[in-house]
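Enquirer: Chains A and B, in that order, give the protein sequences.
If you're matching positions, the first sequence starts at 1 in my numbering and goes up one per residue.
If you're matching positions, the second sequence starts at 1 in my numbering and goes up one per residue.
For the record, the hints were derived by calculation from the structure and aren't laboratory data.
Each statement offered as a hint is correct.
Quick list of in silico lysine-lysine cross-link-like pairs, BS3-like style, CA-CA up to 30 Å:
(1) B:K324 with A:K124
(2) B:K306 with A:K124
(3) A:K76 with A:K50
(4) A:K106 with A:K27
(5) A:K282 with A:K306
(6) B:K2 with B:K76
(7) B:K124 with B:K249
(8) A:K76 with A:K2
(9) A:K105 with A:K27
(10) A:K106 with A:K76
(11) A:K249 with A:K124
(12) B:K272 with A:K249
(13) B:K2 with B:K105
(14) A:K306 with A:K324
(15) A:K27 with A:K98
(16) A:K53 with A:K84
(17) B:K124 with A:K324
(18) B:K324 with A:K324
(19) B:K98 with B:K249
(20) A:K124 with B:K309
(21) B:K282 with B:K309
(22) B:K53 with B:K106
(23) B:K124 with A:K306
(24) A:K272 with B:K249
(25) A:K309 with B:K124
(26) A:K324 with A:K309
(27) B:K272 with B:K249
Please read these numbers as outputs of a predicted model, since none were measured by experiment.
The chain contents come next:
2 protein chains.
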Amino acid sequence: MKAIAGPRLAVAVSSAGGIGFLGPGAKPEDLGPALQEATSLISSSPSLSKSAKEQGTLPIGIGFQTWAGDLSVASKILGEVELKPRAVWLFAPRHGQKELDEWTKKIREVSSGTEIWIQVASVKDAVDAARSAERPDVLVVQGADAGGHSRTQGAGIVALLPEVWDAVNGDGELVPIIAAGGIVEERGAAAVLVLGADGVAMGTRFLASEEARINGGYQRHVVEAGDGGQSTVRTQLYNYLRGEMNWPKGWDARGLVNESWRDHERGVEFEKNRELYAEAAKRGESGWGDEGRMATYAGTGVGLVKEVKSAGEIVREVRSGIGKVLGAASENIQ
Amino acid sequence: MKAIAGPRLAVAVSSAGGIGFLGPGAKPEDLGPALQEATSLISSSPSLSKSAKEQGTLPIGIGFQTWAGDLSVASKILGEVELKPRAVWLFAPRHGQKELDEWTKKIREVSSGTEIWIQVASVKDAVDAARSAERPDVLVVQGADAGGHSRTQGAGIVALLPEVWDAVNGDGELVPIIAAGGIVEERGAAAVLVLGADGVAMGTRFLASEEARINGGYQRHVVEAGDGGQSTVRTQLYNYLRGEMNWPKGWDARGLVNESWRDHERGVEFEKNRELYAEAAKRGESGWGDEGRMATYAGTGVGLVKEVKSAGEIVREVRSGIGKVLGAASENIQ
Chain A
1 MKAIAGPRLA VAVSSAGGIG FLGPGAKPED LGPALQEATS LISSSPSLSK SAKEQGTLPI
61 GIGFQTWAGD LSVASKILGE VELKPRAVWL FAPRHGQKEL DEWTKKIREV SSGTEIWIQV
121 ASVKDAVDAA RSAERPDVLV VQGADAGGHS RTQGAGIVAL LPEVWDAVNG DGELVPIIAA
181 GGIVEERGAA AVLVLGADGV AMGTRFLASE EARINGGYQR HVVEAGDGGQ STVRTQLYNY
241 LRGEMNWPKG WDARGLVNES WRDHERGVEF EKNRELYAEA AKRGESGWGD EGRMATYAGT
301 GVGLVKEVKS AGEIVREVRS GIGKVLGAAS ENIQ
Chain B
1 MKAIAGPRLA VAVSSAGGIG FLGPGAKPED LGPALQEATS LISSSPSLSK SAKEQGTLPI
61 GIGFQTWAGD LSVASKILGE VELKPRAVWL FAPRHGQKEL DEWTKKIREV SSGTEIWIQV
121 ASVKDAVDAA RSAERPDVLV VQGADAGGHS RTQGAGIVAL LPEVWDAVNG DGELVPIIAA
181 GGIVEERGAA AVLVLGADGV AMGTRFLASE EARINGGYQR HVVEAGDGGQ STVRTQLYNY
241 LRGEMNWPKG WDARGLVNES WRDHERGVEF EKNRELYAEA AKRGESGWGD EGRMATYAGT
301 GVGLVKEVKS AGEIVREVRS GIGKVLGAAS ENIQ
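Produce the entire structure from the sequences given, and follow the hints as far as they go.
Expert: Take a look at the structure:
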């Protein structure tokens, strides 16, 4: 979600009973002002202020892509803030678990009370994290349906989550597991709880939230797109078109198909495609959409996103829907 | 599953309360002897014979890949048998819904009482089938985690199933839906019921059944492989190595990674790879395995398959496990 998940979205999610996360900003130093804005929004909410006081932490989390992050900047900012965030979410290391351990250790030093969440997309990465000396407080297990970045090779949550659960928690629970990837509403959320998850992470659904810091054309494409397995594609192309040439090996991103992808498939050379991309970037909202060209990261659940809602409404609908869905399924099999 | 799903496996699944299917044989004419053998196995089971008499159909189904099938041979054989199969499962047309309609119409003419099941892997294909003049009796919705053949572009069942359900049944139920792809045990089975499925189709799990007609080396690799999203790959390579050059556009197959794939990735030319494949094919069981070369189709759920069991045991475990899993999930959220 990166800059799309700003302070307003994170605080709105936490207000409704979820845990909202700030995405990584355009540069590491953006974290300071973002945390400041979130803190100010929280202090103007009586219930969140109360929760912050009781827990001793800020009721939101912060996400980092460690390969592109700056640990010294991050730890300096986290060290200086009075109220530490409830959680830090680490993702996409260039140097595997070693890099995640380094971040975890440093953040635990400077940000006491902050849970460490680590996102993985394979059984091996899950086991490496769960058995490391710096074991995370939470594992986020990301299935191949996720929008944006993940491992190029992956499995959907239906197969990945039970295998991770058995490998990590089969001999006694080591780490709680949050499921991600393809979950946009109560049916998916209830299904992953059945698979063994302790909670649910949603990204794509919040692209179509009122609080998302998102271009209107991007948001409209998310609402309009259907048949998510056909209308999205996993590729490095959009990374490269955006000038992100440096992602670690073995990662790519899922985004909505548009003219950039179609031209790539038609054999248009990259340099030409990049020129067209740069022109589209100047067009405002019309740079996005089925006939647009801009990177429009979204998961395969995009076809279930039909309208823009407030983040609070989204969280409340999913939370209240889960029980109904589970109840109905239990009745059906009797 | 093709020839791996022979009469013994199909009848064992049906004996345990499921519906077993005969896969397409090596050539269309193989259906006759397979049906004969299945009929004989059924007649020696008192409970299945009773069910056949009550239902007026043979308590198993038959699968066809329509692009490679021969409708005139199939309809001749189905027309001649006294007891018609409970269901026919159609899959992988070269000419879209038109081809499926043609098969459906003909089979309904010659094989009265036989349900038509159509397997789809996108929302569009599901809607085309459900709204066609020859609407199927059942839709099988196949997520991208499935082993063997499916659409190259796809979504996992967590996102695909709810979107298909809304599109097909949102305005009143048109067609029951069976979920496939990545489901190998009770957690996956319960999860897809929560997503809205009326039933569950499993393939990969039965590769490791006692009744599967499968090379021992193939079966051993299925049992040994883990981390299914990393140890399997979607590709046309194994089709081509097997000499199946003719699959419709936009389809490929998921199989376990072995030396054939690694050589392909290392840049070994196809002709050389095919020679090595032909040599491996002569090696018996050792042609399979992580160090082998043979096509080893399996889904991402392969990491959850840990031992060979009887098909009956597999069916009973999944059926009895679903209620427990749903019950536990309902309790956890209270």
